[in-house]
Structure formats: C-alpha cells, structure tokens
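Line by line, the protein sequences are chains A and B.
Heads up, the first sequence is in this note's numbering, so the first residue is 1 and it goes up one at a time.
Heads up, the second sequence is in this note's numbering, so the first residue is 1 and it goes up one at a time.
Honestly, I wouldn't trust all of these hints.
Mimicking DMTMM-like on lysine to aspartate or glutamate, the simulated pairs with C-alpha atoms at most 25 angstroms apart in a straight line are [claimed, not checked]:
{"id": "1", "chain 1": "B", "residue 1": "Lys131", "chain 2": "A", "residue 2": "Glu429"}
{"id": "2", "chain 1": "B", "residue 1": "Lys216", "chain 2": "B", "residue 2": "Glu28"}
{"id": "3", "chain 1": "B", "residue 1": "Lys10", "chain 2": "B", "residue 2": "Asp63"}
{"id": "4", "chain 1": "B", "residue 1": "Lys131", "chain 2": "A", "residue 2": "Glu431"}
{"id": "5", "chain 1": "A", "residue 1": "Lys230", "chain 2": "B", "residue 2": "Glu125"}
{"id": "6", "chain 1": "A", "residue 1": "Lys218", "chain 2": "B", "residue 2": "Asp149"}
If you want the ones that stay clear, here's a sample from chain B, every Cβ over 10 angstroms from chain A, calculated [as the list claims (entries may be wrong)]:
{"id": "7", "residue": "Asn7"}
{"id": "8", "residue": "His25"}
{"id": "9", "residue": "Glu30"}
{"id": "10", "residue": "Asn38"}
{"id": "11", "residue": "Glu59"}
FYI, nobody ran anything at the bench for these hints, they're computed from the structure.
Just so it is clear, CB atoms sit at the ideal spot from N, CA and C, and this is done for glycine as well.
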Amino acid sequence: MKSPAYTRRLGLIAGTVMSFTGAIGMIQTFNERTLINPYLRMGDLTLYMTPFVLAWLAARGEPNPLHEPEREPMAGAAQGAVVGLIAGALTSVFLLVINTFDLTEFFPNMRPATIDAMTFDLGVPVGLVVLTAVSAFVGAAGGYIFGLPEHIRRGLGRATGWVLAFALFEVVVADILSFADIIVDVIYGPRGGLQIWSAVIIGALAWWLSARYQGQVKEFSNRVRGADAKSRLRRSMIALGVFAAIVLPMLLGGILNELLVNVSIFILMGLGLNIVVGYAGLLDLGYVAFFAVGAYGTAVLTSTSEAGIGLGLNWWLALPIVLVMASIAGLMVGTPVIRMRGDYLAIVTLGFGEIVRILLLSDWLTPFFGGAQGIRRIPGIPVPFIGEVSGTDPQLFIYFMLLFVGLAVYISYRAQNSRIGRSWAAMREDEDVAEATGISTVQAKLLAFVAGAIVASFAGALFSAKVGTVFTNSFDVLVSIIILVLVIVGGMGSIPGVMVGALVLIGILGGPKSPGLLQEFSEFKLLIYGGLLVFMMLTRPEGLIPSVRRSRELHADELTQDAWLDKGGDFARGDGEEVAT
Amino acid sequence: MPLLEINGLKKAFGGVKALDGVDFHINENEIVSVIGPNGAGKTSFFNVISGMFPLDEGEIVFDGDNLAHHQPNEITRRGIARTFQNVRLFPNLTVLENVMVGQHCRTSAGMFGTIFQTKHQRAEEEMISEKSKEILSFFGTRLAGYRHDQSADSLSYANRRRLEIARALGTEPRLLLLDEPTAGMNPKETIELTGLIGKMRDERGLTVIVISHEMKVVEDVSDRVVVLDHGVKIAEGHYDDVSTNPDVIEAYLGRPAEKHND
Numbered sequence: 001m002k003s004p005a006y007t008r009r010l011g012l013i014a015g016t017v018m019s020f021t022g023a024i025g026m027i028q029t030f031n032e033r034t035l036i037n038p039y040l041r042m043g044d045l046t047l048y049m050t051p052f053v054l055a056w057l058a059a060r061g062e063p064n065p066l067h068e069p070e071r072e073p074m075a076g077a078a079q080g081a082v083v084g085l086i087a088g089a090l091t092s093v094f095l096l097v098i099n100t101f102d103l104t105e106f107f108p109n110m111r112p113a114t115i116d117a118m119t120f121d122l123g124v125p126v127g128l129v130v131l132t133a134v135s136a137f138v139g140a141a142g143g144y145i146f147g148l149p150e151h152i153r154r155g156l157g158r159a160t161g162w163v164l165a166f167a168l169f170e171v172v173v174a175d176i177l178s179f180a181d182i183i184v185d186v187i188y189g190p191r192g193g194l195q196i197w198s199a200v201i202i203g204a205l206a207w208w209l210s211a212r213y214q215g216q217v218k219e220f221s222n223r224v225r226g227a228d229a230k231s232r233l234r235r236s237m238i239a240l241g242v243f244a245a246i247v248l249p250m251l252l253g254g255i256l257n258e259l260l261v262n263v264s265i266f267i268l269m270g271l272g273l274n275i276v277v278g279y280a281g282l283l284d285l286g287y288v289a290f291f292a293v294g295a296y297g298t299a300v301l302t303s304t305s306e307a308g309i310g311l312g313l314n315w316w317l318a319l320p321i322v323l324v325m326a327s328i329a330g331l332m333v334g335t336p337v338i339r340m341r342g343d344y345l346a347i348v349t350l351g352f353g354e355i356v357r358i359l360l361l362s363d364w365l366t367p368f369f370g371g372a373q374g375i376r377r378i379p380g381i382p383v384p385f386i387g388e389v390s391g392t393d394p395q396l397f398i399y400f401m402l403l404f405v406g407l408a409v410y411i412s413y414r415a416q417n418s419r420i421g422r423s424w425a426a427m428r429e430d431e432d433v434a435e436a437t438g439i440s441t442v443q444a445k446l447l448a449f450v451a452g453a454i455v456a457s458f459a460g461a462l463f464s465a466k467v468g469t470v471f472t473n474s475f476d477v478l479v480s481i482i483i484l485v486l487v488i489v490g491g492m493g494s495i496p497g498v499m500v501g502a503l504v505l506i507g508i509l510g511g512p513k514s515p516g517l518l519q520e521f522s523e524f525k526l527l528i529y530g531g532l533l534v535f536m537m538l539t540r541p542e543g544l545i546p547s548v549r550r551s552r553e554l555h556a557d558e559l560t561q562d563a564w565l566d567k568g569g570d571f572a573r574g575d576g577e578e579v580a581t
Numbered sequence: 001m002p003l004l005e006i007n008g009l010k011k012a013f014g015g016v017k018a019l020d021g022v023d024f025h026i027n028e029n030e031i032v033s034v035i036g037p038n039g040a041g042k043t044s045f046f047n048v049i050s051g052m053f054p055l056d057e058g059e060i061v062f063d064g065d066n067l068a069h070h071q072p073n074e075i076t077r078r079g080i081a082r083t084f085q086n087v088r089l090f091p092n093l094t095v096l097e098n099v100m101v102g103q104h105c106r107t108s109a110g111m112f113g114t115i116f117q118t119k120h121q122r123a124e125e126e127m128i129s130e131k132s133k134e135i136l137s138f139f140g141t142r143l144a145g146y147r148h149d150q151s152a153d154s155l156s157y158a159n160r161r162r163l164e165i166a167r168a169l170g171t172e173p174r175l176l177l178l179d180e181p182t183a184g185m186n187p188k189e190t191i192e193l194t195g196l197i198g199k200m201r202d203e204r205g206l207t208v209i210v211i212s213h214e215m216k217v218v219e220d221v222s223d224r225v226v227v228l229d230h231g232v233k234i235a236e237g238h239y240d241d242v243s244t245n246p247d248v249i250e251a252y253l254g255r256p257a258e259k260h261n262d
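Here chain A stands alone, though its shape is the one from the complex:
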C-alpha cells in the first residue's frame, strides 16, 4: 500500500502548495501575526502545515477500504521525511527561481520579501537549506505521529487544537476576559501571541481533560441528539441555549457583538436561502435581491434624508410594508421561472439579482433610491424607554438579531416538519412525481420563493437600521454566492448547519464587506472560500452539520431487516423471500 510513487506524489503536491501560498503573499501577510511568542508565526504555521498533513497521508498510504492502515511510528517518520524533503526541495527551487529572475512585473508578490518570509529571514542560500530541513523534520513528525497509539494522538490533537484556538482567537479570549485584564496580560505577550509557558499549560490541560473525560462528551451529545423532541433533556438544552444567547452579549465587548451582528445577518439570509435551496431544491443565485429589497424598502420608508422620499416612518411600522414588498418580489421572481429547472433557474435568478442592483443604481430611480449616493440618515430601531437602537450600539442591537434569527429558526423548523415542508421535499426529490402525487409544484415553488424572500427582507430591514446608510455595492452578486456557500458548507437543509456555516465563513474568515476574527484572512477570503468549498464537496458533501433527512443513518441493511421480519413478521404469503432478491 505504501508505494514510493504515492509518497513522491504527495511530496510534489506539498511542494506545489507551499510555493503557491508563498507566491500569493499569504505567508508574508500571515507572518505579521505571532501565535506563540516568539517561536511560532501564523505564516510559518500555514507553510509547514502542508508537509505535516501530506506526510500524515503518506504514512497512512493510499486509501484502501479493505485494510486498516499500519501504524508504525518509525516507518511513518521515514516516509514523512521523504515527503517533507521533496516538498522543501521543490519550494527551495521555486524560491531560487524568484531570486534569480525578477518576476514582480507579472507576479507582484514574488519579490525578495517573500523569500525572507519563507526562510525565517535567512535568505538564499542558508534559508533554503533551513527551509528544506524544517520541512523534512515537520514531515517526519507528521508521519511519526500518525504511527502513535490512538490515545496519544487524540491527546496531541486536542492539545494542539486548544493552543491554536487560544492563539488564533486572542481577540475573543481577551474580550471575554476583559473584566480581568491581568489574566490576559499574563497569558498573552505584550505584542500579541500566547506566551510559551501559557501555551504549554493550555496544551497540558487540554490533554489531561481529553484523557479524563474521553468519550463522555460524545456520549452526552449523542444522548441529546437521540432524545425525543419533547423530552426533558432536549428542552433543558434548548432553555440553556436561549439563556446563553441572552447572557452572552452582555459578557462580550463591542467588537465581538459587532461581529456577531454581522454573522447574524448572514445566518438570517442563510436560513432564508436554506428554505429555497435546501428545502425546495430551487437553486437561487440572485438571493441578494431580496436582501436588497428589504434594505432599500426599509431605507425608503424610514429615512429622513432628501435623497429618498423621506417618509421617516417608524421602523416597526415599516417592517410589515417591507414584508409585503418582499413577498411581491418573491412572486415576481417566482412566476416567470415556474417552468424552469436546475441550471436554467440558477441563471435566471442570477440575472434577477443583478437587475435589482442595477435598477437601484439607475438614474431613472435616483429620486427614490439615491443612485450611487445611496440612502442616508436611516434611523435605528425605536424601543420604548431606550430610544433608537442602531449599529453604533452593537451590544443592544444584537438582541434584535437574536429575536429575528429565533423567529427564522422557528419558521424554518415548523415549515420543515409540516405538510408544506413535505411538499417541498417531494418536489426537491422528483418534481414530476411530486406533481403526479397531487402536489401543485407551481404553488410549492412560489411559496418557497416568498418564504425565502421574507426571511431575507428581515435581514435587509435590520441591516438598514444597523448601518444607517445603504449603497448598491452592499448587494452585489458576491453576497448571493457567499450565502450559498455558507449554506452548502454548513449543510443544506440543516438549521444548525446554516448557523455553523455562517459562523465559520462570516465570523472567522470574514464576510464580503466585513472582516472576521482572523483579519489576516480578509485578503485571501475568496481563495479560502473556494478551497473550503472544493474540500467539502470532496470529503463531506452533506455539509458540516448535515440535515437528518440527507444523511439519515440506516438502522441496518435490508438483509438484517428481513431477518427481523422472519422472526416476528406475519407475511401475507411466503416467508423471507426478500433475502433472495
């Protein structure tokens, strides 16, 4: 199974990936962030992650479902070292080429600074030797660790995971612990990055906890998942979640609440698109149009500026009108595409999304929508005794987001497990048969479009009140694509999946206009989205948290079912004949 050719191939792949990340300037940008003071920079981590992972794969050998991979630390280390060596050598050759020829005219990032970033500032030729050596060492480590017994691997994995989480999400930790600045100062270095000994303590603690409570967490989560929807356990978990949602924003500072508000806007849109794509199976690439209708509708109705019509309506009064507008928009998209399917539907909706944006930008409608100037002076959401709440006060605004996300979750959940949800599911599975089973697919499609549009218009209305000004460039096609990606990555048709997808994509990597937790990523956001999407499609197409319907675990295969029937079944005629079929 462990063929030299396979190992060589992985080495070449690793080298290519390393060269690529360097060539696009990723390593250089990431190196500005220190993770563990002063030993580990984010760029180095990114660079050497590749030989580590591929060495791990090399030690496993080519995937073969018939054989468990052999786990021998030393053999794995040798193989991993080969992978790392090839990768390092290839990268060195690449850096030599950059060093010799000036390619900055075509590839602006291929400059000496890139070489420095990738060679611990040692430059050519010493740095190249170091690079290759480190790569080989990391590869050997990857192969060695693969060969270790399971409990050690798990411990190492947990420890590394927690240390990296603490290092990467320094902002979050600092924010949560803002009441005790002294702890933060002790854990982290003065210019960011975990202190080495705090990293050791966190790692050791994570290892110990994972060994101590091994399996219990999983068992508990399985119990919660398996529990009846009406059981006490399930209810108390839901109550706990609601309680956490109410208390958490109070503990978090402005930056994190701001981030959560952004994430929530995308959760809302994700939930809406999930109805259209996940439940009803209608691929909508122009979903941002409904978000725009919600945002501009609210803006026009509530703004006091001259650019719009300046109605200055109360946000709560505007909301129902906006919902009606969104429903009409939903019908307007839905009606012409009733007879379209799959690719054609996607293309038409893509066009619709652009039409809406261009109309909003047009001179013709400038008196209403302000054209390129957008609409300004949109008031926040009025609340009795508190006054107007807008995006300048994210710690309060987050509660409106929670309210509407909760509403959207409730609607999605109810719709999914109902007569309407079943008709959507049937239509998604087989449109012709759904029609022949008595479902009016015209009605079902329109209903899905309208429901999706309404949820997106919630997001739009909140967005308007949050930012105070709306411009058309907040509604370009990229937003539609990102919402679709987060639904796919999270898990189509899965409510928690959409939430996790939005948290990962918007919260960590960053949204189309807003930075995420890892601000270093923002320049490479689209690359990472794309990579993530490809990776997910190859390894886990059902998404991070798949819907029950899409990944329903079978209790057993047909033969055991028939065995069960043989024992207890009262067949109309004949016994156990299905075994033969």
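We have chain A; now place chain B onto it with these hints.
Positioned in the frame of chain A, the structure of chain B alone reads:
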C-alpha cells in the same frame, strides 16, 4: 356510466404515433389489464391519462368531467393515482413521509397554520400520520413498525414497488393506474401482489388499470383485457378470448412462419 371513458386518444412524439386513436372505458370497481408488446404505447397511455404528457387529440372523461389538458396534480386531486414502471419514490424521505406526501392533496394546512400551530393544523398532521400508517399496514408487516422511519432508498426492490403503491393509495384515489407492478418481483411476491390488487378493489372499493407483461398476473387479476399494439387497440375482452385472438398472437410473436414463405 363508466368511471373513465376515453375517446380517440392521440399522442405523437415527432413522427412516432405512440397513441393513435385509442378508445377505452372502465367501470367502477372493475380491474382492467392493458397489455401489448414493448413499445405498444401502454406507458404513454398512462402518462397521458395522468396528465404528465399533454395529449394531442381526444377526450378523457373521468366521473363526468373532461380531464384533457389538466395539470397532473389536478388529475390526482380528482381521484386518479398512478405508479411508475421504473419505481420513482422520494428516495431521501422516510417510508412514512412518502405516503404522507400522498395525503397532500386531501389536506389543506397552509403557511399560517404551520407557523402558528393552529388546532386545525395539529389535528390534520395527526390525521395524516394515522391514515398513512393505516395505508402502510395494508402491506402487512413489510412496511410497518420501525420501517416507517427508514429512508425509502433503503428498501428492497419489491418493497419499493409496494411503497409506491402505498403512496398512490395515500392520495385516496378512485382509479389506480399500476404500471408493471410485479416487474422484478420473484414468483412468490408476484402472487402476493396479485392478491393485493384484488383486495384493493374488494376492500377499498378501487377501480384499477394494470399494465403487465406477466400473463399469469393478467389472467388472475383482470375482469377484462385490452391489447395495444403500435398505439392502436387491437383486441379487448375476457382473458381467455384475448389470449387466443390471432391478432394478439401475431402482435406478440409475429406472423406464423408459413405466411412468410408464400
């Protein structure tokens, strides 16, 4: 008056006349088999009746109303349900959900009721679930118990055929169109299903049109047999008469050899 009366039904695909002026009728509580060689137009006949293919000419009178050019869902709502030759279930839905989908056109809960969980909506959901379980119990234990919650694509081939019939029964039809219901089943299962077709008529008061290639099934189950060939009805009558009809034999087997030698 017959439950379904079809006059001069025509359907062409380009130059191929799949149905070329077929007349047909079936009375309430009757079981009629439609047979014919491959490509005779049997499945096209079903597709046109169920509205999945628009017809070119002719009329389809069901219970006094002309259903020609109606949408398939409307035709199902009026009381004609069908199964498919190549089993088309909703594979990722559970067994029970497949049948519950059938109940769609007999129920009415809308978005409002769904969101606000009205009393009517909850009662209706309960009713749908009960009725669907009752329909599945029609097939004995094969689709009952823990199988309710399994996905349809985990079922064996024969069970998929049964489930498809159950889904059709879920629409509470008066007329059921079965397209080769025993295809791919072993002899025992075929006998069992033949019995069930009779039971559907006797116990549930259904009228059934069956397409089948298995003459044993046709003989056992049908009150009357209609033979199609090249989109034309070439014979009609009791099984014994039809099976000895020279035109039918010719359609299936070709002309006797001596005629060729003339």
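Here's how the hints hold up against the structure:
no. : hint                : result
1   : B:Lys131 / A:Glu429 : holds (23 angstroms)
2   : B:Lys216 / B:Glu28  : holds (23 angstroms)
3   : B:Lys10 / B:Asp63   : holds (21 angstroms)
4   : B:Lys131 / A:Glu431 : holds (24 angstroms)
5   : A:Lys230 / B:Glu125 : holds (17 angstroms)
6   : A:Lys218 / B:Asp149 : holds (24 angstroms)
7   : Asn7                : holds (23 angstroms)
8   : His25               : holds (22 angstroms)
9   : Glu30               : holds (22 angstroms)
10  : Asn38               : holds (22 angstroms)
11  : Glu59               : holds (20 angstroms)
In the structure shown, no violation is registered for any of the earlier numbered hints.
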